[in-house]
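K.L.:
Take a look at the letters that make up each chain.
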Amino acid sequence: MNIRERIARRAEKEVQDGFFVNLGIGMPTLVANYISDNKQVVLQSENGLLGIGPYPTKENVDPDLINAGKETVTAIDGASYFSSAESFAMIRGGHINLAILGAMEVAENGDLANWMIPGKMIKGMGGAMDLVHGAQKVVIIMEHVNRKGQPKILKQCSLPLTGKKVVNRIITDRAVIDVTDQGLKLVEVMEGYTVEDIQNSTEPELIIADDLK
Amino acid sequence: MKPVHTSFVDAVKDIHDGATIMVGGFGLVGIPENLIKALLETGVKDLTIISNNCGVDDWGLGLLLQNKQVKKMISSYVGENKEFERQVLSGELEVELVPQGSLSEKIRAGGAGIPGFYTPAGVGTPIAKGKETKVFNGKEYLLEEGLVADFSLVRAAKGDKMGNLIYNKTAQNFNPMIATAGKVTIAEVEELVEIGDLPPDQIHTPSVYVQRLIVGKQEKRIERLTVSD
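If you read the protein sequences in the order shown, they are chains A and B. Going by the working numbering, the residue at position 171 of the first sequence is 171; the numbering climbs one at a time, nothing skipped. Count along the second sequence from 1, then add 1000; that gives the number in the working numbering.
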């Protein structure tokens, strides 16, 4: 199992039966592949679809039916289509139970940076800034360290923010960490790592959960 | 009855240099393909374009960019376009990035006669710079202003000769709000039907918002073909 798959499989456990969920572009989209058949889950796509289905067969591709990553998709039975304003009304209005997004940096107070690197090209934030305020729970999935091996979980973000104090939980290839009023709480350590490994690759001081898994 | 044009160039010929236009679509889905191409032909310059994205290098709004007809883009995501990057870095093109939910609501508000609204999106980020903020129930919000345009270009799957429109699947996206926010809204429809042929309770855009109609065959290019087999 590669790192992305391992993270996506762990993130699936955040998805509860009956949830309406928005999955971000990239690794978060992979989470859909692992959602257990025992759960009835409705995936929202911010371009105007509630009820994303699997990728279509070649024969069933419809160019008017895409997800927010601009990939061709299908719609499940019971799906609905709507405008972008309606889509963000349901996001901003708190009707989406969970958003799973990627990140470049997360700070100990829940600040998130995932849209812009100054000096490099600015592509735009898409719907991320709306999603982080609207979803009932915001879970970040990402690799624990960057390509240089440096922590991505920091005391303060160095990059421009997507949102302030918006992250509830961070899931990485090494750990699961909750953002709490007291600080970052380590709640799970992945196989192959120790608490010490996690602390050494995380800039802020971690609180260790009593029921650490 | 609304004028039904037969020439795309005629339908857009009064879009003048320096005009602000809104263009429907998300990625390449739901874009008014032929109205965009007609602007290439009229050669109108210094456009301010409000649209969620800016096409790709050789299709959609990317064509107007290649032809240097765009002065400013107001969008939420423009990452699919190399020429865009080049023009921004060289200072030829101005860009204003707006969170996608704020952009859709700014357009909706503009069309609905609402000059501004408060939203949490962007608080504490570079987007908040210069914007008024206000605290409601202990949470900070920022003021976003409504957007209107000289012309709105939309695409619908079906239209009737009154100007009522119905969109197909996720080709709806920004089109309904954009139709409401242009002083002149030009609708490119895949199929034009007689008055009375569209079920009134299925209409997405009521006829009052649409000033001109034209029938256009769409190429519907696919940006990312993903299949299960």
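Please keep in mind that the hints were generated in silico from the structure rather than gathered at the bench. Incorrect hints may appear among the rest.
Stated by the list, open to error - Calculated lysine-lysine pairs in the BS3-like style (CA-CA distance at most 27 angstroms, straight line):
| hint | chain 1 | residue 1 | chain 2 | residue 2 |
| --- | --- | --- | --- | --- |
| 1 | A | K58 | B | K1220 |
| 2 | A | K165 | B | K1169 |
| 3 | B | K1139 | B | K1002 |
| 4 | B | K1169 | B | K1013 |
| 5 | B | K1169 | A | K58 |
| 6 | B | K1158 | A | K58 |
K.L.:
Holds or violated: K165/A with K1169/B, Cα cutoff 27 angstroms?
P.N.:
With a Cα-Cα distance of about 35 angstroms, the restraint between K165/A and K1169/B is violated, given a limit of 27 angstroms.
K.L.:
For the pair supplied as a hint, K1158/B and K58/A, is the alpha-carbon distance within the 27 angstroms limit?
P.N.:
It holds: about 26 angstroms lies between the C-alpha atoms, which stays within 27 angstroms.
K.L.:
Quickly compare the C-alpha distance for K1139/B and K1002/B to 27 angstroms and report which way the hint goes.
P.N.:
47 angstroms, violated
K.L.:
Quick one, are K1169/B and K1013/B close enough, alpha carbons at most 27 angstroms?
P.N.:
Outside the cut-off at roughly 30 angstroms; violated.
K.L.:
Hey, K1169/B versus K58/A, does the alpha-carbon distance stay inside 27 angstroms?
P.N.:
Holds, because 18 angstroms separates the two Cα atoms, which is no more than 27 angstroms.
K.L.:
Is K58/A within 27 angstroms of K1220/B, Cα to Cα?
P.N.:
16 angstroms, holds
In summary, the structure is inconsistent with hints 2, 3, 4 from the numbered list given earlier, while agreeing with the others.
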